[in-house]
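Asks: Sequence:
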Amino acid sequence: MLIIGMTGGIGSGKSEALKIFESLNIKVIDLDKISKEIT
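Take 0 as the starting number for the sequence shown in numbering that gives the first Met the number 0 and just add one per residue.
I should point out that these hints are in silico values taken from the structure, not numbers from a laboratory. Bear in mind that the values here come from a model prediction, so they are computed numbers and not experimental data. Some hints here could point you the wrong way.
Stated by the list, open to error - Computed cross-link-like contacts, DSS-like style, restricted to lysine-lysine with a CA-CA straight-line distance of at most 30 Å: (1) Lys13 x Lys32; (2) Lys13 x Lys35; (3) Lys32 x Lys18; (4) Lys35 x Lys18.
Could you build all of it, start to finish, from the sequences and the hints given here?
Replies: Next up, the structure:
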């Protein structure tokens with residue numbers, strides 16, 4: 000199993016990269032989305 004962490008500033012394309020991974024049926028965990036749900 001390969002685990003990749005992605006970081007970057009605002010507007011750097013992290014969410015777009017996640018959308019591409021999801022479209023390729025790659026499992027993603029969006030911690031930004033999770034943090035917004037719990038706060």
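Asks: Next step is simple, just say for each hint if it's right about the structure.
Replies: Each hint, compared with the structure:
In summary, the hint linking Lys13 to Lys32 is supported, as the alpha carbons are separated by about 12 Å, within the 30 Å threshold. A C-alpha spacing of about 16 Å is found between Lys13 and Lys35, which places the hinted pair at or below 30 Å, so the restraint holds. For the proposed pair Lys32 and Lys18, the alpha carbon gap of about 13 Å is at most 30 Å, so the pair holds. About 18 Å separates the Cα atoms of Lys35 and Lys18, which keeps this hinted pair within 30 Å; it holds.
Checked against the numbered hints above, the structure breaks none of them.
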